[in-house]
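Put together the whole structure using the sequences plus the hints.
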Amino acid sequence: MTVGLHKEGTAGHRLPWGPMARMAGRRTLLAAPVLLLVTFGVFAVADASPFDPVKAYTGTAGLTASQESLDQIRANLGVDQPLVTRWWNWLTSALTGDLGDSSVMRQPVADVIAERVGWSALLAAAAFALAILLGTALGVLAARRRGGWLDRVASSAAYTLEAAPAFWLGLLAIWLFALKLGVLPAGGLTDTGSDVVTFDQVATHLVLPAAVLGISQLPWFFLYVRQGVADALDEDPVRGARARGLSEPVVLLGHALRSGMLPMLTLIGSRVPELITGALLVETVFSWPGIAAATVEAATSADFPLLAALTVLATAAVLIGNLLSDLLYGLADPRVGFDG
Amino acid sequence: MADRTWTSHGRTRRSTRTVRVSASALIVAAVVLAVLIVPPIVQLDEQAVDLSQKLLPPSWEHPFGTDDVGRDLLLRCVYGLRISLLVGVVAALVATVVGTLVGAAAAAFGGWTDRIVMRLVDTFASVPHLLLGIFIVAMFRPGVWPVVASVALTHWLSTARIVRSEVLSLRSRPFIDAAISGGSSRWRVTARHLLPGVLPQAGLAAVLMVPHAMWHESALSFLGLGLPSHQASLGNLVQTARSSLLAGDWWPTLFPGLFLIIPTLAIAGLAGAWRERINPRRRSELML
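Keeping their order, the protein sequence lines are chains Z and F.
The numbering used here numbers the first residue of the first sequence as 1 and each following residue consecutively.
The numbering used here numbers the first residue of the second sequence as 1 and each following residue consecutively.
Hints in this document: simulated from the structure, not taken from any laboratory.
Since the model is a prediction, treat every value here as computed from it, not as a measurement.
Do not take every clue at face value.
Here chain F is said to cover these stretches of chain Z; the calculated rule only asks that three of the stretch's residues, wherever they fall, bring their Cβ under 8 Å from a Cβ of chain F [as the list claims (entries may be wrong)]:
no.	region
1	173-180
2	205-213
3	290-300
In silico contact screen, one side only, chain Z against chain F (beta carbon under 7 Å); selected entries [stated by the list, open to error]:
no.	residue
4	30
5	36
6	40
7	44
8	45
9	49
10	53
11	167
12	168
13	276
14	311
15	315
16	320
17	321
18	323
19	336
Partial list, derived from the structure: chain Z residues whose beta carbon lies under 10 Å from chain F [claimed, not checked]:
no.	residue
20	38
21	196
22	197
23	268
24	274
25	307
Every residue gets a Cβ at the ideal spot worked out from N, C-alpha and C, and that includes glycine.
What follows is the structure, given as structure tokens:
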């Protein structure tokens, strides 16, 4: 897609790998201090809070445990060491792949992430694909006749959806499709009682959460494509294409959409924070076994090792998304380049 | 041809815009009146439990129906909106003050201070807002203040950026040079010339932040990480309605959500009109 956008009709056109790689390298160098600062901030906030790691680790068992065993746990966890020492220990073991143990999941944090990240990626990819396809299609149709009924209905719906919380949409979708119509399952990854994860099961269980997450992301894509295409329709290249007698679909899709999609391309990567926000809510509503639902569980039971690791992971995802969107933008619009 | 379509569209759009702005103003006024006046006048206990009245569908007596312990949902929604609005306004005010001070300081001092402060802002901004809020609340909960603090701490970044760029653009104007060459001190220039120029933008950002902060608080409350359940905000209402919804009763879920959406749209409509007033040249259709 991006190659096609970059230059028309040059099948053998080579991507500018060199500048792209240099930009990626520069950004990685800049991202390292940001991630370091975020990990330190996470430890500093926990340090300033009344949160007690020993209590969180032992849970209700801690209420009846003897003082000696509590002290033993305290020493084992190393929570009496100064903030910087604890942060440094966490960081060095994190680099070797040891992120500590999750108290709520009762397994190593790295295993929790490895088990769940794939399901989150599947949900996010399905939702994103839906939002982009539907947003582009609706945006082009609405931009074609600004102020027409389709434009008005779709735009009002977009602003309303933008204001609607994703968890609320999810609950209403469960009520309609799982309870009233009974066509789709209400949550989880497989039917209750079935331990085997089959393709059919996952596919039917994916429909509702992906649709809700996608629809909660839809307004932005729709409004940006609509604005971009409508602006492009007023510009000279489109007028020129019309004057040459090109057919309406070619003008609309070949010329107006191509330049109107530019602002949306930058959005694809920079929408990662909103995608994570939506996933936190949607995965919880639908009991989807992803890392966002695990984040909420970790937060409810104050599971610091898991919560810290997932916060850092999400930040890394945001930084990668930003880089991706800048690379796409540079590819789509050579004037921008890869200097950022 | 382009001119003609613009004019005809411009006219229809202007009139629908007037309708939209008036409707928004009416809704905002109704919301403010409802949350201020209903609690002292109605004298009903919105917490009063009546199990013989539980889960009644919407009717004339209970326009929004009743919840799973027989409480009137219209009353619960008004009280919930009151709490959500209060948290939203306080959080937005705190975030605006912090953002304005940080942004103005970064622009006024410039140089290394500016660079370091804005780098910190970028770092803060690269953690997804709701996740950062969840983290703060998880460490400091339970209570109302952790929620307010977490919403405020995740919302000041955009204000800081807006105020900084606004101060930078004001500082290059001739009247600032005139004031400085007239012998005004740095503080006097900041207080008399820069801040008054920045306040409309900061105020607009604050107004737009209120629905966002309400949305944030609702999400936290829905996840069970927000306000304590005796201070039921709209998010808490949706959270407690979940079991009724899974039993097939939709109204305890539907109405609190509408109470969040409609004021959000109204505030956005008013803020859009305000933005056109202070930035007439940047009449963007995207009120995002």
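Hints, verified against the model:
Against chain F, the region 173-180 of chain Z contributes 4 residues with a C-beta closer than 8 Å to a partner C-beta. That satisfies the three-residue criterion, and the hint holds. Judged by the Cβ-Cβ criterion of 8 Å, the region 205-213 of chain Z is not covered by chain F as claimed, because only 0 of its residues qualify and three are needed. Here the region 290-300 of chain Z counts 5 residues with a CB under 8 Å from a CB of chain F, which clears the bar of 3, and the coverage holds. Annotation: residue 30 of chain Z was flagged as interfacial toward chain F, and the flag is violated, the nearest CB pair being 9 Å apart, outside 7 Å.
For residue 36 of chain Z, the interface hint is violated, the least distance from its beta-carbon to any beta-carbon of chain F being 10 Å, above 7 Å. With 7 Å as the threshold, the beta carbon of residue 40 of chain Z stays out of range of chain F, its nearest partner Cβ sitting at about 10 Å, so the hint is violated. With its C-beta approaching chain F no nearer than about 11 Å, residue 44 of chain Z sits outside the 7 Å limit, and its interface hint is violated. Because the smallest distance between the Cβ of residue 45 of chain Z and any Cβ of chain F comes to about 6 Å, under 7 Å, the interface hint for this residue holds.
For residue 49 of chain Z, the suggested interface contact is upheld, since its CB lies about 4 Å from the closest CB of chain F, less than 7 Å. Contact between residue 53 of chain Z and chain F, as hinted, is not supported at the beta carbon level, the nearest pair being about 11 Å apart and thus beyond 7 Å. Contact between residue 167 of chain Z and chain F, as hinted, is supported at the beta carbon level, the nearest pair being about 5 Å apart and thus within 7 Å. Hint on residue 168 of chain Z holds. Least Cβ distance to chain F is approximately 4 Å, under the 7 Å limit.
Interface hint status for residue 276 of chain Z: upheld, as the beta-carbon distance to the closest one in chain F is roughly 4 Å, under 7 Å. With its C-beta approaching chain F no nearer than about 6 Å, residue 311 of chain Z sits inside the 7 Å limit, and its interface hint holds. Hint on residue 315 of chain Z holds. Least Cβ distance to chain F is approximately 5 Å, under the 7 Å limit. Among the interface hints, the one on residue 320 of chain Z is violated; its C-beta lies about 11 Å from the nearest C-beta in chain F, farther than the 7 Å criterion.
Checking residue 321 of chain Z against chain F by beta carbon gives a least distance of about 10 Å; that is not within 7 Å, so the hint is violated. Annotation: residue 323 of chain Z was flagged as interfacial toward chain F, and the flag is violated, the nearest CB pair being 11 Å apart, outside 7 Å. With a least beta-carbon distance of about 20 Å to chain F, the hint placing residue 336 of chain Z at the interface is violated under the 7 Å criterion. Nearest Cβ of chain F to the Cβ of residue 38 of chain Z: about 6 Å, under the 10 Å cut. The hint holds.
For the restraint placing residue 196 of chain Z at the interface with chain F, the shortest Cβ-Cβ distance is roughly 25 Å, beyond the 10 Å limit, so the hint is violated. Residue-level restraint check for residue 197 of chain Z is violated (minimum Cβ-Cβ distance to chain F is 24 Å; threshold 10 Å). Hint on residue 268 of chain Z is violated. Least Cβ distance to chain F is approximately 16 Å, over the 10 Å limit. Proximity of residue 274 of chain Z to chain F holds as hinted, the smallest CB-CB distance being about 8 Å (cut-off 10 Å).
Because the closest C-beta pair between residue 307 of chain Z and chain F is about 6 Å apart, less than 10 Å, the hint holds.
Of the hints listed earlier, those the structure fails to meet are numbers 2, 4, 5, 6, 7, 10, 16, 17, 18, 19, 21, 22 and 23, in rising order.
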